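Chemist: Residues per chain, in single letters:
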Amino acid sequence: MTFPGEKRRFVGQLLDEVFDGLYGYAMVLCRDRTEAEDLVQETCFRAVKAVESLQPGSNARSWLFTILRNIWLNQVRQRRTAPQIVELDVDESTLGLAVEASKDPHALYVSKVERDQVRQAIQQLPEEFREIIVLREYEELSYQEIAILLDCPAGTVMSRLGRARSKLRSLLSDTLRTPDRRAKGATE
Amino acid sequence: MSHCDERSTDILLYLDNTLTGERLEDFCAHLAGCSNCRERLLEELALTSLLRETRPLYLAPQALRDRVAAAAAQQAFAASRPSDRSRETRVEKWTRWLRDVTPPVFGWKPLVAMTLVLTLSLVFIPGTVQRVRANNFVEAATEIHRNYLDGNLPLQCRSRSPEVVTDWFAGKTPFHFQLPISQSVPESKALYWLTGARLVSYKGNAAALVAYETPTEKISLLVASSKSVAVAGGEELPSGGLTFHYRSGANFEVITWTNHGLAYALVASVTGSPQHSCLVCHQNMANRNLVEH
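Residue numbers (my numbering), protein chains in the order written: chain A, 1 to 188; chain B, 1001 to 1293.
Excised from the complex, chain A in its bound form (with noise of 0.2 Å):
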């Protein structure tokens, strides 16, 4: 994406690098793909008339996912009521896309099948828990920076994020429990 102007294409270049990052966090929320795709849109419409209101070396990153989740509030507060939890609709065609194209058939097939898992098991997380594993563990962003875009103490991120994860062993644990799967993670 470009944009006319030093920071609309700075922005530009940034939505590009997060746009898949702001897709998965506007899933985890909204639980549906119109809805995140809706809310993604209106993300980057805010973020580009808003361009100008970025001060210099202010984090960027954290600043569009601020953007998408106060939009997402604003919608929630709206409606007054909690967002239905609604079978996922995902286009199977981009899953491939996420897997390296040098993995062998079955690698890729475990690849899929491992990612639905934790698709499935993530949307069954509390949201707090949802937003929470999204933003640390796919988007890496910091404790503080998740402190600041949820506005809670840096040690209620922490504490959250150990509950978060403990849900989430406890629903993946099948999976976690296989031998390949223990030995990749006592490897890295």
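By construction, these hints were calculated from the structure, which means they are not laboratory data. If you're wondering where the values come from, they're calculated on a predicted model, not measured in any experiment. There's no promise every hint is true.
Claimed, not checked - List time: in silico SDA-like cross-link candidates among lysine to any residue, alpha-carbon distance up to 20 Å:
#	chain 1	residue 1	chain 2	residue 2
1	A	Lys-112	B	Glu-1053
2	A	Lys-167	B	Arg-1052
3	B	Lys-1203	B	Ala-1071
On the provided structure of chain A, position chain B as indicated by the hints.
Modeler: Here is chain B on its own, set in the frame of chain A:
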């Protein structure tokens, strides 16, 4: 809370490689004597490994990327438009020029035909095409022009001869394309000259980039199949049965139009005269004097 539960934070810090010093030694000593924590650490390591291997968790659909790119570009152009007064002046200039060059004796169709006369039988050669990520035509044309100015898109064919450039495109684009074969203009009187061409990619298909120069600026003409192009927006300037779309961004002016299955984007610097870029098509024409006003 058990004694081991208090180690949760240590485990997280250990996973992040941020557990150091005395606290790390203490944690390791605890691990040595606690099978529960060892087991938990192994599971946490396995979880971390699994989560890393499933990155990204979701991939945004390409259609969403395209939609956002197109809309954001439109928004950005709107935001970077000059003031109404300045914009009106430039639009008036263009409109006046378009009116001037559309006398009954020499309508727009022949003019456009000259830009369009770029009709060749060409084929797509994917290996030689530089991929341009932009999806919006105006955005792509601007980005290509910027890259051309920055030297990132060197010309693959350098020639002042339309015939040579036309021959060079043969077999390289999926549409018929031919540069106007100009009547010879003495170099000293030329207001612009052709400098060459190259292939670029637009939405995965080969597109033609034709480069021109005036004594003060570079002008580029992007030509793509109109099947993959939506030409719309900007200031609409209808003339001769065609509609020209004029946009002025932060640094460039872009005019787009479609005709006979091809889409065109003419890009020039905002500082340059719009008439100069139009002379690309009209230098050799009978009504050149109208353009030079």
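Chemist: Now tell me, hint by hint, if it's right for this structure.
Modeler: Hint check results:
1. Lys-112/A / Glu-1053/B: holds, 10 Å
2. Lys-167/A / Arg-1052/B: Given pair Lys-167/A, Arg-1052/B holds - Cα atoms ~17 Å apart, limit 20 Å.
3. Lys-1203/B / Ala-1071/B: holds, 16 Å
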